[in-house]
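Trainee: Given chain A, put chain B with the ligands in place with the hints provided.
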Amino acid sequence: MAQNGLLINYQYCTGCHSCEVACQMEHKLPVDQWGIKLAEIGPWQISEEKWQYEFIPIPTDQCDLCADRVAKGKKPTCVKHCQSLVMEYGPVEELAKKINGQPKMVLFAPK
Amino acid sequence: MAEDIKKNAQEEEFVRPDFFRESDVKFTGGDKPWRWKEDGMTVTRTAAWAAPGCHDGCGVLVYTDKNGRLVKVEGDEENPFYNGRLCIRCLALPEVEYHPDRLLYPMKRDKADRGKNKWQRISWDEAYDIIETEFNKIKGEYGPESVVFSCGTGRGTAPYLVRICYSFGSPNYAYYLSGASCYVPRIAASNTMMGTYTVPDCSQYFIDRYDHPGWQPPAVIFIWGNNPLVSNADGNMGHWIIDCMKRGSKLVVVDPRLTWLASKADLWLQLRPGTDAALAMAMADTIIKEGIYDKDFVENWCYGFEEYSKRVAEYPVEKAARITWVPEEKIRRAARMMAQKPVSVQWGLALDMTKEAIPGSLSVASLWCITGNIDIPGGMIPTHQPFNIQTWNPPDPKEMLPLDVCEKRIGGKEYPMYEYGGVVLSQTDMTVDAMLTGKPYPIKGNFMLSTNPIACTGMQPETKMLKGFLNADINVVLDVFMTPTIMACADIVLPVATFPERDGIRSIYYYVQTINKAMEPVGECKSDMQITYELGKRFNPEAWPGDTLTEFFSHTMKEIGMSFEETREQNWVYPEYEYHKYENGKQRFDGIPGFNTPTGRIELYSTLFDEWGLEPLPFFEEPEEGPLSSPELMQEFPYVLTTGARHWSYFHSEHRQISRLRSLRPDPLVEMHPKTAAANGIKEGDWCWIENRLGKVKMRAKLSVGIDPRVVNCDHAWWYPERDPEKLYDVFEANVNQLVPAKFGRSGFGSNSKSLICKVYKAE
Ligand code: SF4
Ligand code: SF4
Ligand code: SF4
Numbered sequence: 001m002a003q004n005g006l007l008i009n010y011q012y013c014t015g016c017h018s019c020e021v022a023c024q025m026e027h028k029l030p031v032d033q034w035g036i037k038l039a040e041i042g043p044w045q046i047s048e049e050k051w052q053y054e055f056i057p058i059p060t061d062q063c064d065l066c067a068d069r070v071a072k073g074k075k076p077t078c079v080k081h082c083q084s085l086v087m088e089y090g091p092v093e094e095l096a097k098k099i100n101g102q103p104k105m106v107l108f109a110p111k
Numbered sequence: 001m002a003e004d005i006k007k008n009a010q011e012e013e014f015v016r017p018d019f020f021r022e023s024d025v026k027f028t029g030g031d032k033p034w035r036w037k038e039d040g041m042t043v044t045r046t047a048a049w050a051a052p053g054c055h056d057g058c059g060v061l062v063y064t065d066k067n068g069r070l071v072k073v074e075g076d077e078e079n080p081f082y083n084g085r086l087c088i089r090c091l092a093l094p095e096v097e098y099h100p101d102r103l104l105y106p107m108k109r110d111k112a113d114r115g116k117n118k119w120q121r122i123s124w125d126e127a128y129d130i131i132e133t134e135f136n137k138i139k140g141e142y143g144p145e146s147v148v149f150s151c152g153t154g155r156g157t158a159p160y161l162v163r164i165c166y167s168f169g170s171p172n173y174a175y176y177l178s179g180a181s182c183y184v185p186r187i188a189a190s191n192t193m194m195g196t197y198t199v200p201d202c203s204q205y206f207i208d209r210y211d212h213p214g215w216q217p218p219a220v221i222f223i224w225g226n227n228p229l230v231s232n233a234d235g236n237m238g239h240w241i242i243d244c245m246k247r248g249s250k251l252v253v254v255d256p257r258l259t260w261l262a263s264k265a266d267l268w269l270q271l272r273p274g275t276d277a278a279l280a281m282a283m284a285d286t287i288i289k290e291g292i293y294d295k296d297f298v299e300n301w302c303y304g305f306e307e308y309s310k311r312v313a314e315y316p317v318e319k320a321a322r323i324t325w326v327p328e329e330k331i332r333r334a335a336r337m338m339a340q341k342p343v344s345v346q347w348g349l350a351l352d353m354t355k356e357a358i359p360g361s362l363s364v365a366s367l368w369c370i371t372g373n374i375d376i377p378g379g380m381i382p383t384h385q386p387f388n389i390q391t392w393n394p395p396d397p398k399e400m401l402p403l404d405v406c407e408k409r410i411g412g413k414e415y416p417m418y419e420y421g422g423v424v425l426s427q428t429d430m431t432v433d434a435m436l437t438g439k440p441y442p443i444k445g446n447f448m449l450s451t452n453p454i455a456c457t458g459m460q461p462e463t464k465m466l467k468g469f470l471n472a473d474i475n476v477v478l479d480v481f482m483t484p485t486i487m488a489c490a491d492i493v494l495p496v497a498t499f500p501e502r503d504g505i506r507s508i509y510y511y512v513q514t515i516n517k518a519m520e521p522v523g524e525c526k527s528d529m530q531i532t533y534e535l536g537k538r539f540n541p542e543a544w545p546g547d548t549l550t551e552f553f554s555h556t557m558k559e560i561g562m563s564f565e566e567t568r569e570q571n572w573v574y575p576e577y578e579y580h581k582y583e584n585g586k587q588r589f590d591g592i593p594g595f596n597t598p599t600g601r602i603e604l605y606s607t608l609f610d611e612w613g614l615e616p617l618p619f620f621e622e623p624e625e626g627p628l629s630s631p632e633l634m635q636e637f638p639y640v641l642t643t644g645a646r647h648w649s650y651f652h653s654e655h656r657q658i659s660r661l662r663s664l665r666p667d668p669l670v671e672m673h674p675k676t677a678a679a680n681g682i683k684e685g686d687w688c689w690i691e692n693r694l695g696k697v698k699m700r701a702k703l704s705v706g707i708d709p710r711v712v713n714c715d716h717a718w719w720y721p722e723r724d725p726e727k728l729y730d731v732f733e734a735n736v737n738q739l740v741p742a743k744f745g746r747s748g749f750g751s752n753s754k755s756l757i758c759k760v761y762k763a764e
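So the protein lines, in turn, are chains A and B. Per the numbering used here, the very first residue in the first sequence carries number 1; after that it's consecutive. Per the numbering used here, the very first residue in the second sequence carries number 1; after that it's consecutive.
Excised from the complex, chain A in its bound form:
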């Protein structure tokens, strides 16, 4: 079976935590455990008008790619609730093609 993953366009990830909390709720995780966790990079100043300030959500070992939901034809809950709509689920091969020269893309294959 094709390997599935999460493609994230982190150019527009605002750090809103919706992916984190949606995942915790779906998987009934305690408040100090995550299926996906944000990394915060910055802020620091690169040049006069340029800043480094990013968030990137990183799936953990507790991410099962929402197997139960996907089996019922639904999107993973993080993908569905992402407020910037920057997450996509699918076969890694297809997702890799979607990167296609775009900046700030990251593809995770947690399983």
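Do not take every clue at face value.
[What the hints assert, rightly or not] These stretches of chain A come out as covered by chain B in the derived footprint (C-beta under 8 Å, 3 or more residues): (1) 16-30; (2) 36-46; (3) 76-87.
[Claimed, not checked] Taking lysine-lysine and the DSSO-like style, the derived pairs with C-alpha atoms no more than 27 Å apart in a straight line are: (4) B:Lys-66 <-> A:Lys-72; (5) A:Lys-74 <-> B:Lys-246; (6) B:Lys-696 <-> B:Lys-743.
[What the hints assert, rightly or not] Distance ranges between label pairs, derived from CB positions: (7) B:Gly-546 <-> A:Ile-41: 54 to 62 Å; (8) B:Pro-33 <-> A:Lys-72: 13 to 21 Å; (9) A:Gln-45 <-> B:Lys-295: 34 to 42 Å; (10) A:Asp-64 <-> B:Gly-546: 44 to 52 Å; (11) B:Met-41 <-> A:Asp-64: 18 to 26 Å; (12) B:Asp-296 <-> A:Lys-74: 45 to 53 Å; (13) A:Gln-45 <-> B:Lys-246: 23 to 31 Å; (14) A:Ile-56 <-> B:Asp-730: 34 to 42 Å; (15) A:Lys-98 <-> B:Ser-663: 31 to 39 Å.
Hints are computed from structural coordinates only; laboratory data are not their basis. Please read all numbers here as calculations on a predicted model, not as lab measurements. Here a beta-carbon is modelled for each residue, glycine too, at the ideal position from N, C-alpha and C.
Mentor: Relative to chain A, chain B with the ligands alone:
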């Protein structure tokens, strides 16, 4: 043209500035069910509108199990407003629902025990009986105006609160924030100046949203004085900005702090807190001097351009740069970006939270007027309550009370502009003063609906507002959880249902959706609507038409042409949206082209202000304390203090007891530059005191290079639900309002709560 309109306006006896001709229903979601079964669960399609928190009304699906218990909340992908996305507060709702600290029953407490955790459970009937008897006693002895009815931020409860207020016979509907300095000033300024309120066009009026043929993304979006991603200010979803950015919109961010949006902006103007008006006028001056304003629009649709030009010429870029700390070149660039088309401005609370909020708001709003960015695709679009439904805009006092009673509204005579804010309020500060001094008359009772002023809006609370409440004979408070306000002063507490537990109507702008009860309330909770309806009927049954709450809902939404149940079947109901309405008469109540102002034009020079004895043109006033106005005081309190920044987890003072949300921001934070921290011996995570002339509060240090070393920023509305109730959950230790003076501007609106001064030092 102007003469025609004046005559018409006089003939028309009474026209609310916030009421509009509504076009017909254009889109609905009637092809979809509002309830169905899935996986052995019941799914109820509804809208998330307080309680708890928030008045954005995102579309949600509430999942309940066969025992009727809430399982989860998911976004509703079919709902055009937010397409299934959710913020963490709705996602975490199950914890709110079954939280052990929820208020479950009506309770009373002996007046002698105020401040003590000594509550006695009572029945709803007993609670209503006590309220009715005590309020009527006050009415008999002092008059109905001696009971004040208040609620928190406009969350759909205001119209019900106002209706019970007027049913009882009191004209005093209050919102306990000094100078009503949240949103109302911007609405009042807009309504006065252009006879409407305008919002950025992010395609929200169309169900096909970004694919809608007539829509185009703004070329530039200004984010001015708010962080809309986190706050979803005023019913506009912050992440719509992201949607527009993906479609090519450029950003200009006006903010003292480097928000995430500021870091992505094409231009970030890091201004000194409280100087927005000076910045806006310098931009206007640049636009006019460079001749890049929309001459045609100004000529045909604006009034007073000459006087306005002279006024903004008092703020040349060089002068504004000194005042605002924004470099001259950046002000000029911002002005040129403002003069493009289409431009949208997502403005926010920072404008309201200056003492001269009204001239400040005028100075910013006139920018999108002189550039002709009104009512064009991707520009600033006029908006109002769809179908004039009374779910956000309350009834006008004149519709329900005799004129002599209306005239007793506190501050009504002194501040005529309070008629224009979309809600007719008592002037907050004068109301609190009345509680303390008994003038113009004593305040003997308070009915507070889901509001927690001691932790949230009450400035100088220990010294002022709380004393006022304690002067009353009876305080009734309705809420979801125990709060510092209830603990401090309530005699009767009524437990409020959450949105999955109630029916209701969601209608802040753009479209209408019914809120559909998905489960029975926990304990004996009732919705705010149910409580006001039941109690209100005791005071004046005629004011609450209909034999059931649902019939009453149908009455308040009658302009939609459907009953509550019929509307429910439609899921969402949008009126037709049309651009350029000022050209075809649809922007005015009388059908004459133009804007709903006395001159029929956008009044850059306000004839109404003139009439009210207020300055008719925008102006800037220095914050009372600061580097330019009180340099000597700055020796002791060397930093500019700004407050009120939002965190994803919290809606104002709410949600501190929700563990999942709290874990993301466990403590109140004071944000400062590493240089500022070093100069004061402070390290990341240290507990610090922030202190000024009024008092001190304790917060944890967060260092960031995204804030000017001369500025510190404090979280707002903090209290600790886990701490001692009889110490009011240490609200006075954690709450930055201790440092905020309650003083308001000339119009009765505005107060400086984001432009103060302070010192900061490590707590031992
Ligand atoms: S795919 Fe599912 S399990 Fe994995 S991070 Fe997203 S929500 Fe969590
Ligand atoms: S939900 Fe989306 S925007 Fe929000 S933090 Fe996660 S990836 Fe980023
Ligand atoms: S903004 Fe957040 S809390 Fe408010 S309705 Fe939408 S999802 Fe719920």
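Trainee: Give a verdict on every hint.
Mentor: Hints and how they fare:
1. 16-30: With 9 residues in contact (Cβ-Cβ under 8 Å with chain B), the coverage given for the region 16-30 of chain A holds.
2. 36-46: With 4 residues in contact (Cβ-Cβ under 8 Å with chain B), the coverage given for the region 36-46 of chain A holds.
3. 76-87: With 7 residues in contact (Cβ-Cβ under 8 Å with chain B), the coverage given for the region 76-87 of chain A holds.
4. B:Lys-66 <-> A:Lys-72: holds, 20 Å
5. A:Lys-74 <-> B:Lys-246: holds, 25 Å
6. B:Lys-696 <-> B:Lys-743: With Cα atoms ~19 Å apart, B:Lys-696 and B:Lys-743 stay inside 27 Å; holds.
7. B:Gly-546 <-> A:Ile-41: 54 to 62 Å: Since the Cβ atoms of B:Gly-546 and A:Ile-41 sit about 56 Å apart, the hinted range of 54 to 62 Å holds.
8. B:Pro-33 <-> A:Lys-72: 13 to 21 Å: Taking Cβ atoms as reference, B:Pro-33 and A:Lys-72 lie about 18 Å apart, which means the hint holds.
9. A:Gln-45 <-> B:Lys-295: 34 to 42 Å: holds, 40 Å
10. A:Asp-64 <-> B:Gly-546: 44 to 52 Å: holds, 50 Å
11. B:Met-41 <-> A:Asp-64: 18 to 26 Å: Given about 21 Å between the Cβ atoms, the range holds.
12. B:Asp-296 <-> A:Lys-74: 45 to 53 Å: Since B:Asp-296 and A:Lys-74 have Cβ atoms about 52 Å apart, the given range 45 to 53 Å holds.
13. A:Gln-45 <-> B:Lys-246: 23 to 31 Å: holds, 25 Å
14. A:Ile-56 <-> B:Asp-730: 34 to 42 Å: At 36 Å between Cβs, range holds.
15. A:Lys-98 <-> B:Ser-663: 31 to 39 Å: holds, 34 Å
When the structure is compared with the earlier hints, no violation turns up for any of them.
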